[in-house]
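Undergrad: Residue strings, one per chain:
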Amino acid sequence: MIAPMSENSSLLKLKRISKVFSKGTVDEVRALDKIDLNVAVEDYITVIGSNGAGKTTLLNIIAGVYPPESGEIMLNGRNITKLSEYRCAEFVGRVYQDPHVGTAAKMSIEENMAMALLRGQPRGLRVATNKQRRELFRIALAPLGLGLENRLNALVGTLSGGQRQALALVMSTLSNPAILLLDEHIATLDPRTAQIVLDLTDMIVKREKMTAIMVTHNMEMALHHGNRLIMMHKGRIVVDMNQEQRADLSIQDLVVAFERASGEEFVDDSVLLRPGNVVGVSDL
Amino acid sequence: MDPAAVGHLLAFSLYEGLAFGFIAIGVYLTFRVIAFPDLTVDGSYVLGAAVAAVLIVVGVNPFLATLAALGAGMCAGLATSLLNTKLKIPALLASILVMVGLYSINLRIMGRPSLSLLRKVTIFSLASQLPGLETRLVYQLVVAGVLAVIVFFILNWFLRTEIGLALRATGDNEQMVRGAGVDTDKTTILGVSIANGLVALSGGVVAQAQCFADVNMGIGMIIIGLASVIIGEALFRPKGVARLLLAVLGGTFVYRLVLSLALRSKLMSVGDLKLITAVIVIIALAVPYLQKRIRREWLPPAPRW
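Protein sequence lines, in the order shown, are assigned to chains A and B.
Reminder that position 135 of the first sequence reads as 134 in numbering that gives the first Met the number 0, one-by-one numbering, no gaps.
Reminder that position 221 of the second sequence reads as 220 in numbering that gives the first Met the number 0, one-by-one numbering, no gaps.
Hints were generated in silico from the structure; no laboratory data involved.
Hints are all accurate, no fakes.
Label pairs and their in silico Cβ distance ranges: (1) B/Arg294 / A/Ser83: 42 to 50 Å; (2) A/Gln244 / B/Arg294: 52 to 60 Å; (3) B/Glu296 / A/Lys105: 14 to 22 Å; (4) A/Val28 / B/Leu298: 33 to 41 Å; (5) A/Asn149 / B/Lys291: 29 to 37 Å; (6) A/Ala141 / B/Ala261: 54 to 62 Å; (7) B/Ala301 / A/Gln244: 51 to 59 Å.
Listed next, the stretches of chain A that the computed footprint assigns to chain B, with coverage defined by at least 3 CB atoms under 8 Å from CB atoms of chain B: (8) 98-106; (9) 122-136.
Beta carbons are placed, not taken as given, at the ideal position from N, Cα and C, and that holds for glycine.
Extracted from the complex, chain A is given alone in its bound form (with noise of 0.2 Å):
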């Protein structure tokens, strides 16, 4: 990376970006209404917003599933909005929130890690797994802990959940993307699994200094993880909050944030009920 690392260096900007389901008929949703980000390099930003906020329509964007309405997006300078979701794979990792969309559950774990370390790359017509491969595979899977390292030639579709996920992690950041999505990553794994797979999240993230975007339902998850915190509302981002801003913060602040920056009640019971939410309020 030669762009100099100061907090200032833009590393993704969207300009009012907008995108309309089903335009023209009745019904018509817009899921993103002229949204302005500017992600800076090493920025850990966390996105909260009730269900149909946009969030997952915002990472869609940015990996280039669908292009926006109308609006530009810009990657260290070059305009990727019309790129397809391949060809944006070269910038952008991704973790899904269900464990089976990330990895191939037929292919052993190194065909699978094989796979994202050529992200980006032209394939070509060597044997993909070698052994200076299998060693790399090994020195990026043993940090987890989860013995992955010693299966390579287990097929994934015999690991649990959470070992796919961790998998999953490990292969979206294996090709040193320049942004990482993690879209709830972590909702579907079971609270210890959730805890560790969110931990290694936050070490990749810090040791490879990578830039991510992470949404997630959680407050608690939201205000403690990354430097930045985001919040959406019906395809508006309502709440930008930098690291000394969001410092003091509980998730009571957060909430009075959220209606004085949508300007209505906030009623979504969603977000506020869930247990971990409750555990983030006493801790707090």
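Given chain A, work out where chain B should sit, using these hints.
TA: Leaving out everything else, chain B in the frame of chain A:
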């Protein structure tokens, strides 16, 4: 049955298992590896036979003619996969469209419904001139065997390369493959093309072995290939690329052996083969379902596509 007859039956089934094994490998590539239900097979098999036969009749080197059959089959696969990936026609329908269209194309290529290769120079007639290969069964076995070994080694290597890995992952988890930066349209096109190339190779080889090509010789080939794949998987329960390929070839051998035995028993005639094959596939597909029914497991409704 005397030992000589048993030996002859086994050797003949082995030859057929190898020659038709390319179809099974092609079907395995589409149905299992890239999860693309491809019915082009019935047409691309005849296409291979027609192209090889016509070229041999006009005096082209039979090895070149066999290669041309492979190439023509790849074009057929290309057509099917383009209909699917670029025009978004469902795989099943796209392949049926190409299969039907190929019937007319095959007739055009041959100029008549059937083409004889008697007294023409084929890969088999060339092999029969080698010392020790004078007997029909021996040279058929050797030619089919050499081709099968070549195809096996190339595929066993290719499916483990970086591109081959992307191909296999496409049938497993398309979302993951795109996330890894691979255009799944391209892997699908590549996979379906290679598969139909192999099917057409089989057509070209079989036409030379039986010394004729017929526009109707492909009817039911997809089911024969599918039956071979299912039998191979059920009997050998293979793991890993190499064993899977061998299991598919083995499945074709067993399938051919069963058919030969059924014919010898005089209980049924050649015309009954297609029905027997269809019944084998129905049983093979139904058994796992019925087993689950008995164990009272939940089952999703059958897919329409």
